[in-house]
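Place chain S on chain R using the hints.
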Amino acid sequence: MAYSFDFDNRIIDVISPQTDVDVQDLYEACREAEDSLIGIQYEGIVNASGKESLGSGVSIGLTVELLDWQLRFWDGNYVAKIAGGNLVGGIGGDPVAYSPGVQVLLIQSAASTVVQISTGSGLSTEEHDQLMGVVATKTDLLNKEAGLTPEQNTLLSNTATKTDVAPIAFMEQVLKNKRELVKSGSSWYLVVYGDDEITPILRKPLTDVSGSDIVDLIPGVLAREGASLV
Amino acid sequence: MTSRYRDRSVTRILPSSKSCVMAGAWISTVKHPGDVLFYATLSILNAVVGSRYRIAIAATNVELVKGNVSSTDFDLTGLPVYENPMLVRVDIRKASTDPKYQPFTTYAYLRRNGSSAYISQQGAIV
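Protein chains in written order, with this note's numbering: chain R, 20 to 249; chain S, 40 to 165.
Bound conformation, chain R alone:
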């Protein structure tokens, strides 16, 4: 928005191509002009009132009174609009000066209010809750696709956030590393070695179907792998 202030003739010129005037914007421009190096030598341009809060983001509308000043649009054939508050005052009670070819639409209200829209996330509480509900549903769907129950997903999440990852590393070693069937005494064991392929990290006794030690490895004898303490 651009305005030009003629302090001698008390005219605020709206600079082309602007055709719409927001009253709040005009008010702020007037205040800046009053504060300028030239403007401070003159009387004030406007008085303003309103914007008192009514609660719930609603406030009274702004009323700007021009103090013997007038707003003048640039010449041309167009419809200009003044909105966003009440613009009153001016010379002889007319806040708008004549401009050839311009039809000015001055929107005023005796009971205007301003509704403030939150500038945070842009969501109301209800919208926020609704969005979070959608996100939760989406998460459930993803878990189901992965074949996990919510409890398993929680366990997985907790496990993934643990700083101690030693059990996971151990499981990887058990799955990947060298393993051997080793006879110790009269029993056979499944031994899994560490990354150095020398140090055993897991030793599980092997038995036959009756739970007895396997004396010798012959086809069909090995039946189960016993549990270990690790």
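Don't take every hint at face value.
As the list claims (entries may be wrong) - Which residues of chain R face chain S? A partial, calculated answer using Cβ under 10 Å:
{"id": "1", "residue": "Ala21"}
{"id": "2", "residue": "Phe24"}
{"id": "3", "residue": "Asp27"}
{"id": "4", "residue": "Asp39"}
{"id": "5", "residue": "Gln43"}
{"id": "6", "residue": "Arg50"}
{"id": "7", "residue": "Asp54"}
{"id": "8", "residue": "Gly58"}
{"id": "9", "residue": "Ile59"}
{"id": "10", "residue": "Gln60"}
{"id": "11", "residue": "Glu62"}
{"id": "12", "residue": "Gly63"}
{"id": "13", "residue": "Ser68"}
{"id": "14", "residue": "Leu81"}
{"id": "15", "residue": "Val83"}
What the hints contain is simulated information worked out from the structure, not anything from laboratory work. A virtual CB, placed ideally from N, CA and C, is assigned to each residue, including glycine.
Just chain S, lined up with the frame of chain R:
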């Protein structure tokens, strides 16, 4: 002109009947309205830093001084006073940068022993 008569207008007064009796002439000094009586200090109190101020003679709007506020309280010294006391208008405005304030105007009498003006700016409507 000697320093005694600096800033003073000197007018020769026609001899009065009394002076004629004394066979002499009266010489009198008359102050011109444009002559400075003295220089005074105006203390500005409670101004918002960053505001622009202007001090002018209330009767004529002749500007005495203007500038920017750099501290809340400050003194303006050497203000010429043409009548005692002399009413001055104090304008304080701040609308170029946030936080913005409504224009504030007050008046003060400049006297030989100094004077002060208390500023109470209110926030602009946003």
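Index of numbered hints that the structure contradicts, given in increasing order: Violated: hints 1, 2, 3, 4.
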